[in-house]
Structures are given as structure tokens and as C-alpha cells.
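Visitor: Residues per chain are reported as follows:
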Amino acid sequence: MRMRLIPDDTNINFFKLASVTFGGSMVLLVLSIVAFMTFGLNYGIDFRGGTTIRTESTQPVDVSAYRTALESLELGDVSITEVFDPTFRADQFVASVRIQAQDDAESVAQSTIDSVRTALQAVDPEVDFTSVESVGPKVSGELIQSAIFAVIGALSAIIIYIWLRFEWQFAVGGIVALIHDIGLTIGLFSLLQIRFDLAIIAALLTIVGYSINDTVVVFDRVRENLRKYKVMPLVDVLNLSANETLARTMMTSGTTLLALVALLALGGDVIRGFVFAITWGIIVGTYSSIYVAKNVVLMLGVKRDWSKKNPATGGRYADIEDS
Amino acid sequence: MLNISPFRQALIWLTVTVGLLLALPNLFYDRVETYNDAVSTGEDATGWPSFLPSNLVNLGLDLRGGAHLLAEVNTPDVYASIMDATWPEVRDALAAERDTVGFVTREDSPDDILVVRISEPAGAARAAEIVRGLARPIQTLTGAGSTDIEVSTSGPVLTIQLSDAEKQAVDDRTMQQSLEIIRRRIDEVGTREPTIQRQGTDRILIQVPGVGSSAEIIELIGTTAQLTFQQVIGPAGADATPGVGQEILPSIDEQGVFYILDSVPVVTGEELVDAQPAFDQNGRPAVNFRFNVSGARKFGDYTLDHIGTQFAIVLDSEVISAPVIQSHIPGGSGIITGNFTVEESTNLAVLLRAGALPASLEFLEERTIGPQLGQDSIDAGQRAAMVGGLLVIVFMGMTYGLFGIFANIALIVNLGLIFGVLSLIGATLTLPGIAGIVLTVGMAVDANVLVFERIREELKTAKGPARAIELGYERALSAIIDANITTLITAGILYWLGSGPVRGFAVTLGLGIITSVFTAIFVTRALIVLWFSRKRPKTIEV
Chain A
1 MRMRLIPDDT NINFFKLASV TFGGSMVLLV LSIVAFMTFG LNYGIDFRGG TTIRTESTQP
61 VDVSAYRTAL ESLELGDVSI TEVFDPTFRA DQFVASVRIQ AQDDAESVAQ STIDSVRTAL
121 QAVDPEVDFT SVESVGPKVS GELIQSAIFA VIGALSAIII YIWLRFEWQF AVGGIVALIH
181 DIGLTIGLFS LLQIRFDLAI IAALLTIVGY SINDTVVVFD RVRENLRKYK VMPLVDVLNL
241 SANETLARTM MTSGTTLLAL VALLALGGDV IRGFVFAITW GIIVGTYSSI YVAKNVVLML
301 GVKRDWSKKN PATGGRYADI EDS
Chain B
1 MLNISPFRQA LIWLTVTVGL LLALPNLFYD RVETYNDAVS TGEDATGWPS FLPSNLVNLG
61 LDLRGGAHLL AEVNTPDVYA SIMDATWPEV RDALAAERDT VGFVTREDSP DDILVVRISE
121 PAGAARAAEI VRGLARPIQT LTGAGSTDIE VSTSGPVLTI QLSDAEKQAV DDRTMQQSLE
181 IIRRRIDEVG TREPTIQRQG TDRILIQVPG VGSSAEIIEL IGTTAQLTFQ QVIGPAGADA
241 TPGVGQEILP SIDEQGVFYI LDSVPVVTGE ELVDAQPAFD QNGRPAVNFR FNVSGARKFG
301 DYTLDHIGTQ FAIVLDSEVI SAPVIQSHIP GGSGIITGNF TVEESTNLAV LLRAGALPAS
361 LEFLEERTIG PQLGQDSIDA GQRAAMVGGL LVIVFMGMTY GLFGIFANIA LIVNLGLIFG
421 VLSLIGATLT LPGIAGIVLT VGMAVDANVL VFERIREELK TAKGPARAIE LGYERALSAI
481 IDANITTLIT AGILYWLGSG PVRGFAVTLG LGIITSVFTA IFVTRALIVL WFSRKRPKTI
541 EV
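From first to last, the protein sequence lines are chains A and B.
The UniProt record's numbering numbers the first residue of the first sequence as 1 and each following residue consecutively.
The UniProt record's numbering numbers the first residue of the second sequence as 1 and each following residue consecutively.
Pulled out of the complex, with its shape left as it was, chain A reads as follows (with noise of 0.2 Å):
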């Protein structure tokens, strides 16, 4: 009667298709980084400065009438767009009209947001801000600076872990891994080109962190594997481990993903950004987790004398052509 995710024994090779695999995944980063290089990100106000008004409106949203009442007020680049969601009410119609940094000001002045009211309620009456956010360019300066240092020191923070309680092989590997996650979700949001803001940055974080959850959990098991069967190949003892831990990595992804598939549909449009930032984060981390960390730790080989007892025992590297 029990569901099982995954049935009990299983014998996966995960190596059996390495070239598509493990290098599908870095033809993946490399496009990633192609399509960050081509189209860049959509940043937010938190990071290029100006000013986001969430609109709401009983009316329905007329874009375009929007976009000719703003033109008059020449406030340089001003986008506005309709924001759907099933969580609204029947009356409730919603925009976001984001308007550039001003030259003169550090923040948006107090005029520009009333004129801009003004124009709006001039195309309907209705209209309301619901939020208004400015930023200016010398915190949204700082807070690329921060983002950035938060990621590198993330990483940093967790290779160091990771190394010192494993092998610097499986630092690298993991290191690797969430390279290739933050590397796909970077990506992703440049391609469909969503917004790019703090809250990303935080998306992208708490990715690294389940990402190496994983792979620190696979590790953990090769780890104990390593010592168990001695003479065993590394690339059948990283298969064994995989195997091992294939339901845990499926069941805790499955209650995971239940969890934000939930939030996805019914959180609201505020966070979407963030929830889809960090449910693709899941799925790519539970992949790399599987296909990518354990191929570098392969590639990199293992000290296999670790516990200094018994030096001799195996080939001290794996050979690669094995594989």
C-alpha cells in the first residue's frame, strides 16, 4: 500500500551516459552564460536605481493608454505592464509602471510620483497605487555590491565547510554543482527576461544552500561507502552511493516542490518571481546533485587512504577512460 517514489533497489548507472548527461549540463552553463552575455538581466530598481508603482485599478488596465498619459511627463525610460494573477479578485486589475532613475535626484522626487498619478487617474479614476518604491542609485550601487558579496561569500563559506570535512574533491565537485545551478538560473531569468532583483538574490542563496544540501548528502554516503568497501571502484562506489540516497534526494525534492508548486499558484504575483526563481533552483539542484558533483569528484579522483591505515588498498585515482 505504501507509495514508493522510487522502487527499492535500484542499480542506476549514473555514469552510463555521462557525454549527455554531465555535458549536456555544461552546454547548458555555457548557453546560460551566452544568453546573461546576449540579453542580460531585467534588473530590478534595487539594482539600477528608480522607481516601481504597483497600480489597481475596478477598470481593466489599458497599457497603452497608460503608456500615452506618462509619454507627456518625460521621465526617459518608463515600462509598464498588465500583471495577471488567479489569486485577484474579478474587480481587481493590476499594473506595474516602472520608471528610470532621474538624473537630478537621489531618489525619486515626491512631484514626479504625484504627476504621474495624476496622469494616470486622468486615463481612469479609479486607479490607485497600492506601492510605490524608489531607489536610489547610491544604495542600489551597494546593493549590487552586496548581492555579489553574499554569493562569493556563500560559496567561499561553503567550500571551506565543505573541505573540511570531506576531501578538497568533493569541495570542488560541489562548488561545481552550484556553479552549474546559479550558472542555469542566471540563465533562465535572462532568457524569459523576469525581473531581477533582491529577492532573486536571496532565491539564488537559498538555492546554493539546498543544492549543496544535497550533494552534502551524497557526499556523506560516499564518504562512508569509501570506507566500507575498500577495494571497490570509485566509479562503483559513487553509482552505490547514488543509488543509496536516490530515494531520500527523490522524496525530499517531491515534499519540497509540493510545497512551492502550492506557493507558485496560489502565493500572489509579489513573490512569484522569487518562488520560481527558487523552484527551477530545486529542480536543477536535485539534478546536479545526481549528475554533475559526483562526475567532477570522478574526474578529480579520490584519495582512497583517507584513513591512513590502509594505503595500498585500490587504485589510489579512478581513471577517467574507466568511466
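Derived from the structure by calculation, the hints contain no laboratory data.
Model, not experiment: these values are computed from the prediction.
Be a bit skeptical, because a hint or two may be false.
Here are the simulated DSS-like cross-link-like pairs (lysine-lysine), alpha carbons at most 27 Å apart as the crow flies [claimed, not checked]:
id, chain 1, residue 1, chain 2, residue 2
1, B, K167, A, K138
2, A, K230, B, K167
3, A, K230, B, K463
4, B, K463, A, K228
Following the hints, put chain B in place on chain A, whose structure we already have.
Guide: Just chain B now, kept in the frame of chain A:
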């Protein structure tokens, strides 16, 4: 064997009970909030039993609605006004030695430096000596031993500037003053729990819940010049009628004392540069103050003409003090004496300085969230958390059967504990914070999954159920610890990086990790042990 000592059992359930009790008030949010308001205003508090905890999770601005502003204080503004006020002092001091130094003129210079040229280059050394004589020792801990101004000479030109120690002291004072003024202004509107915090060296974070727009706050803070120095016509009763051009104002600390004042102020607080608690010649607490150039002139002229009369220092339409002018006060600095205690003189100095913002503010960041949007977010978050939680619970039950139910109980306890700890430490729940909780719901089962999967494996090697459970816990532990420490590291870094909403996310994520490990290792295990010792099953299915 599979056992937990009664003492540990008791400890585990005690922790759970306390945690859940702490979380309880959040289920009755409005009621407890009303109760807390009543308690803080000293009213009769009913509606919530006083023996229960009444701490609530703070709702962030993105959930409650309100304004968030980040302001930068332009501290160098103050250096300029101090230099402007120093100039007449320097001029007067040097004028007394005209024979040696000749004529004195002020040269153009950057705002925070005072450059003075004397017509007799030979007198430069003497001039510098005189100006140095005007310097005051600095009374801060770090600045001990140094003086407030530094004087250097180059030929007939004297350069006077604030010493680094004094600049730091001025910065600190300016920030303190700005915070105080902003706090006073915002308190006047009486909204619930505004946050006014210094951030870094020169920034102030202002968060006011329940405000419609940040413009209101900016306007409120900008309201200045509430401090005036006015001529006292005479004392009065509350019902006296003032004459033309006069007004009646109450005393701030003496009940029933009123003054009739000339409604045209002699000087306003805008012209006050500084006020410091001090002591008079008799060693009684007093307040030193200093005007800028024009204020000094007006005040000097006025005191010269009105020796022996009373004038009033008025703040926000209340008379702080009404001293009698003892002598002509030239140079713009003076001392207010009265029956002060040390504390009162300190407060008065703060109040005097609080009249006008000492330096201009620049708003770097403004965010306003409407209350309706916040409520929508809470509703959506609640719905999503409930549906997500239910899905996870069903999924766990289907996968692990009875053990899944144990894990589910732990999951619910875990949610309660998160709220309990959030309430206890007064953390702020934000929209990403809710996402963090939902994420925790998904991830919290991880530790249990690790253990259960391990028990399954151990069962295969047929050591009997009790041994398998024990080994399952033992051997899964290192993976649980390693995996959760790495996540905790990222939560810590998020907290360090984060402002507002992101920080709220880091807090719930970090707490969720800690409570989920606790519930998985202790609560689920305690449940399993209880069940096992009662049923003594020969075989188990996980």
C-alpha cells in the same frame, strides 16, 4: 536498546509545550494586539488571559502596509555652520590685538574650513596663538586630549578647521539629534511602533506602519523651526486674553503656569547651531547654546536692550524655560540656568537641538506598501502555506504510513515552534519570510526522510526493528548535520546581506532549519519510541 530516558522525554515535551504556548497568541492576532495596546497604555486589559504569553510575531511593512525610508544625513552641513559661527569669535578675539595682527578678513574657502587673512604677516604666530586659545578641549572618550579646532598658518593666512576628533563628535551629535528630531516628529502622529534606527555612520532607517505614503513622513520630518525665543510680557492664567500680537502659552513642566508672550520671536531654533548640557559658575547644571551669525547678532542686540527682563524658550508651543536676562550676551553663545537636575539639563539640550534638523537629509530609498496589498499578501501566503502543508502531509502519509504520520506530527510541531521562537525574539515576518516557512515545510521533512530511508536500509540487513530504528537514527545523523549546517551558513549570509524582507526570509529559513532538526531528531524519535515500547511489534514497515 531503543529507549529515551524519562528525563529526556520530559525535556523534549516541555520544550514543545513551551514553544507551542509561545506560538499560541498568533492564532488570535487581533485580540492579542488589542490586549497588548491596552497593557502598554495602562488601560484595563481584558480579552486575553494574563498568564498566557502575549508576544506576537511582528508583521513586516510588506504585510502590514506602511512606509520605509532610508535617509542620509549630510553631516558636513554642520561643520559649515560651526565655522560660520566661529568666525565672529575669531574676528573679535583678533580685533583686541589689532596692533600686532592688523586687520582681519575672511577669505573664500570650502564650507568646512575657515580661512582668515591678517594684514600684518609678522603677527601670524601671535594670531595663531590667540585663535588656539579659543579652542575647547574635547570631552569624548576617544577624543580625550585633543581640542575642537586646529589652526595652521601660512604667511599671513590662518586656516582654521575642525579636528578629526571634533568632526567625529559633531557627526555623532548630529546623528543623535537627527534621530531625536525624527522620532519626536513621528511620535506626534502616534502610529504604532515606528522603527527609527541609525544605520552605519550617517544613515537613518525609518519604518512607519500604517502610513499611506512616504511623502507624509518626509513632510512630517521636514517640519522644523518649532523652537523660538520670545519676549515674555508677563505671567498669566489660562483664561487671560492676550493683547494684539501676543499669545498665551503653557509651561512644559509646571502645571497651571502660563505666560503671555510677544508672538514675534526674537530668534528661532533654525538659527541655533548647538546646545550642550553644562554647568554654570556655581556648578549647577545648565545648558550652553550657540547661535549662527545672524541669530547671534539678533540675540546680542536683544539682550543688550532687555537686561533684567524675562524671555521664554518655546518648543512646540510650550514654554521650556523663562530665564531672566542677566547681562548682554554678545557672540551668540549663552547659558540657560534654572533649577535643573543633570538629567533635565541634558534633556533640555536635546530638546533645544531637536528644534530643527541640524543637517539636510537626502532620501536614498523610499518604499510604501498599501495596507490592502499587505492583507492580500497575508491571505495568499496563508492559503499557499495551508495547501502546501496539506500536500506534504498527504504525501508523507502515503509514503511512510505510520512513520509518515509521526513525521507529520513533528512537522506541525515544527511550524508551531517556528512561530513560537519568532514571537519570542520579536522577529519580523515578511512576505519572503512566509515563503521561507512554506519552503521549510517542504524541507523540514528532509531529516525525517533521511532517517526513515536509513531505517529501511537497515531493516534489509535484518537486525530486528528496534536495532534498525536505532541504527537508522545513528547513521543518518552525520548527513543531517552536514546538510543542515551548509544551509544554515547560507541563511546566516542572507541575514547579513539582507535588508527588510530578505532578512525576514533568512530568519524564518534559519529558524526553520534549527527547529526541523530538533523535531526530526527528538520529537519524531520520542513518538516512535513511545509507540514502539507500547506495541512491541515484531516487524515494522517504514
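Visitor: Could you check the structure against the hints above and give me the numbers of any it violates, in ascending order?
Guide: 2
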